[in-house]
Amino acid sequence: MEEVPEQELPAAYEWFADQIAGHHPSVIKNGKREIGLLKKRGSDKILKPKQEAFRGECEVIFSFQLSGSFSVPPCLKAPILDVDFLILEDVTSTYTLPAILDVKMGRITFDPLANAAKREKEERKYPPQTVLGFRLLGYRVRNTNGKIVVKDKEWGKSFDEHNILDGLLEFFSGRGTDPTLISEALSKLNYVREWFAKQTSFHFYASSLLFVYENDLQKPPNVHLVMIDFSHVFPSNNQLDTNYIAGLNVLHSKMEIILKKFTSTSASQASTH
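Okay, so the sequence shown: first residue is 1 according to full-length UniProt numbering, each after it adds one.
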């Protein structure tokens, strides 16, 4: 098999170490090595390769439209390596030990322009998504012992509607059974739910929610939640995005269960001291 050399980066840039999903430089497709997320050394900016044709333009235009009203990283175009990039905020830059989870939202992840083959391919990827309305794409957690725990999309596929709570618990237990962490995550999630309960301008397909929290126990959880990936956003014709909302509601209900578990455990631990 012919080896494909790694892309040489300008001295001021490096591959973004905390990437969870998406195009990655370790992947070779059609004889070419993918270009993943980049980061300018010493900055709080990430560069995401702009996708080709309609999908790329859609993501650029939509990000600009939404950035003024919601927690969405701002973006600009920057030509590097003969590739256009979106310039995004690195939401992990202020964390000492960031814990990051990527959750792809929606019961349906193919957009209205998808052909029959694409629809079938998406449906085969993760059948429980039609029930849950979301799937776990993976996480990356930096621990106090210096180790980094990484789980990918295959880990996420090991969960279904019967045990998805186990996957969420695995990620959100980094700080032990900390109810404050879950309360903050629920608060952020509620803000997203409230926004989707009102907005009738867009329908989102194959878009993700990115959860970030501080895993340094000497600091507060400082939960951050952002929407990412907008290459499949379409006009909604004045209709609610029930596809995305379905996933939000199930995710919210699972998080409430975790909050009850953590609150009960913390209360029991407090009573024994």
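Hints in this document: simulated from the structure, not taken from any laboratory. Since the model is a prediction, treat every value here as computed from it, not as a measurement. Hints may contain errors.
Stated by the list, open to error - For lysine to aspartate or glutamate, the following EDC-like pairs were computed, each having C-alpha atoms within a straight-line distance of at most 16 Å:
#1 261 with 160
#2 260 with 166
#3 157 with 123
#4 125 with 84
#5 125 with 160
#6 125 with 184
#7 260 with 161
#8 45 with 111
#9 153 with 122
#10 219 with 170
#11 125 with 154
#12 261 with 170
#13 153 with 178
#14 219 with 178
#15 261 with 216
#16 254 with 161
#17 261 with 111
#18 254 with 154
#19 198 with 89
#20 254 with 122
#21 260 with 154
Claimed, not checked - Here are the in silico distance ranges between beta carbons for each label pair:
#22 269 with 120: 46 to 56 Å
#23 155 with 252: 37 to 47 Å
#24 158 with 261: 30 to 40 Å
#25 270 with 147: 22 to 32 Å
#26 217 with 253: 36 to 46 Å
#27 124 with 96: 32 to 42 Å
For each residue, glycine too, the CB sits at the ideal point set by N, CA and C.
Exercise. Do the beta carbons of residue 269 and residue 120 sit within 46 to 56 Å of each other?
Worked result: Distance hint for residue 269, residue 120 holds at roughly 49 Å.
Problem set entry | Restraint check for residue 261 with residue 160, where alpha carbons must lie at most 16 Å apart | Measuring from Cα to Cα gives roughly 20 Å; hence the hint is violated.
Problem set entry | Satisfaction of hint between residue 216 and residue 261, Cα-Cα up to 16 Å | Violated. Residue 261 to residue 216 sits at ~22 Å, over the 16 Å cutoff.
Exercise. Quick one: are residue 158 and residue 261 within 30 to 40 Å, going by C-beta?
Worked result: 21 Å, violated
Problem set entry | Given pair status - residue 178, residue 219, alpha carbons within 16 Å | 12 Å, holds
Exercise. Is 36 to 46 Å a correct range for the gap between the Cβ atoms of residue 217 and residue 253?
Worked result: 28 Å, violated
Exercise. Between residue 155 and residue 252, is the Cβ distance one that fits in 37 to 47 Å?
Worked result: Given about 22 Å between the Cβ atoms, the range is violated.
For this session: For the pair supplied as a hint, residue 125 and residue 84, confirm whether the alpha-carbon distance does not exceed 16 Å.
Result: 29 Å, violated
For this session: Starting from residue 125, check that the Cα of residue 184 is at most 16 Å away, please.
Result: 31 Å, violated
Exercise. Would the pair residue 261 and residue 170 pass a check requiring their Cα atoms to be no farther apart than 16 Å?
Worked result: 13 Å, holds
Exercise. Taking 16 Å as the top limit, are the C-alpha atoms of residue 254 and residue 154 close enough?
Worked result: 21 Å, violated
Problem set entry | Hinted pair residue 261 and residue 111, Cα distance within 16 Å | Distance ~37 Å between residue 261 and residue 111 Cα, so the pair is violated.
Consistency with the previously given hints fails for numbers 1, 4, 6, 7, 8, 10, 13, 15, 17, 18, 19, 20, 21, 23, 24 and 26, ordered from lowest to highest.
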